[in-house]
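Chains as they are written, first to last, in my numbering: chain G, 1 to 114; chain V, 115 to 230.
Derived from the structure by calculation, the hints contain no laboratory data.
Please note that a few of the clues may not be correct.
Selected chain V positions facing chain G (Cβ under 10 angstroms, derived; list incomplete) [to be verified]: (1) 118; (2) 120; (3) 151; (4) 154; (5) 162; (6) 172; (7) 173; (8) 179; (9) 205; (10) 218; (11) 223; (12) 226.
None of these values were measured; they are calculated from a predicted model.
Note that CB positions come from ideal geometry on N, CA and C, so glycine has one too.
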Amino acid sequence: AQSVTQLDSQVPVFEEAPVELRCNYSSSVSVYLFWYVQYPNQGLQLLLKYLSGSTLVESINGFEAEFNKSQTSFHLRKPSVHISDTAEYFCAVSRRNRDDKIIFGKGTRLHILP
Amino acid sequence: NAGVMQNPRHLVRRRGQEARLRCSPMKGHSHVYWYRQLPEEGLKFMVYLQKENIIDESGMPKERFSAEFPKEGPSILRIQQVVRGDSAAYFCASSRGDTARSYGYTFGSGTRLTVV
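Please take these sequences and the hints and turn them into a complete structure.
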């Protein structure tokens, strides 16, 4: 079975500073990887995904994540955060080639400090 | 084009009552997934349904919980004889099925159940 580990439950960072949210996964088969964002009192929104091809994927609001197969990681980064990035971020995985459920990590709460 | 619609947004039930949570998937989506979110625990998969079929219910508690997705109408997550531990946010997601693994899901805004 797949699993996702998000190593940090909360990450405080000053506005305009860089941030990295860590994610590791385990799976016996090839996977797809996702990052979702949840703003307060809202549902989850897909931020970016890795399916195949280039291991570096980007979102429209400046986030990027890199798939590292050898380290089974999919860390999320942003070079300069904004107050509007305050949210909870979830890393998720699903098995390839199967119409399968997506498994989520426990989430990382990003606090932007003024 | 409305997204995934969940209602009610907030639901308060006394211990022992029944809770019914509804989810209308996006137009054209025939696959529905229910997740439960507890503080500090992230989203836990509960059940995956297609029209009139339960595909994977490996995350559903063995008792008091049931789900359906009828041919017509929304998907329903039903919790009988609620207890305080059922208090959580319940999220529904939908997909077109074979694209779920490629495109992720579309989530609703959730139903926040409070058991008093």
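Structure-based check of each hint:
Interface restraint check: residue 118 of chain V against chain G, minimum CB-CB distance 8 angstroms, threshold 10 angstroms, status holds. Satisfaction of the interface hint for residue 120 of chain V is found here, the shortest Cβ-Cβ separation to chain G being roughly 8 angstroms, below the 10 angstroms cut-off. Interface restraint check: residue 151 of chain V against chain G, minimum CB-CB distance 9 angstroms, threshold 10 angstroms, status holds. For residue 154 of chain V, the shortest C-beta to C-beta distance to chain G is roughly 7 angstroms, which falls under 10 angstroms, so the interface hint holds.
At its closest, the beta carbon of residue 162 of chain V sits 5 angstroms from a beta carbon of chain G; the interface hint therefore holds under the 10 angstroms criterion. Here the hint on residue 172 of chain V is kept, as its CB sits about 8 angstroms from the closest CB of chain G, short of 10 angstroms. For residue 173 of chain V, the suggested interface contact is upheld, since its CB lies about 8 angstroms from the closest CB of chain G, less than 10 angstroms. At a threshold of 10 angstroms, the smallest CB-CB gap from residue 179 of chain V to chain G is about 16 angstroms, leaving the interface hint violated.
Satisfaction of the interface hint for residue 205 of chain V is found here, the shortest Cβ-Cβ separation to chain G being roughly 6 angstroms, below the 10 angstroms cut-off. Hint status for residue 218 of chain V relative to chain G: holds, with the closest Cβ pair at about 4 angstroms, below 10 angstroms. For residue 223 of chain V, the suggested interface contact is upheld, since its CB lies about 5 angstroms from the closest CB of chain G, less than 10 angstroms. Look at residue 226 of chain V: its Cβ gets to within about 8 angstroms of chain G, closer than 10 angstroms, so that hint holds up.
Hint compliance for this structure: hint 8 is the single one not met.
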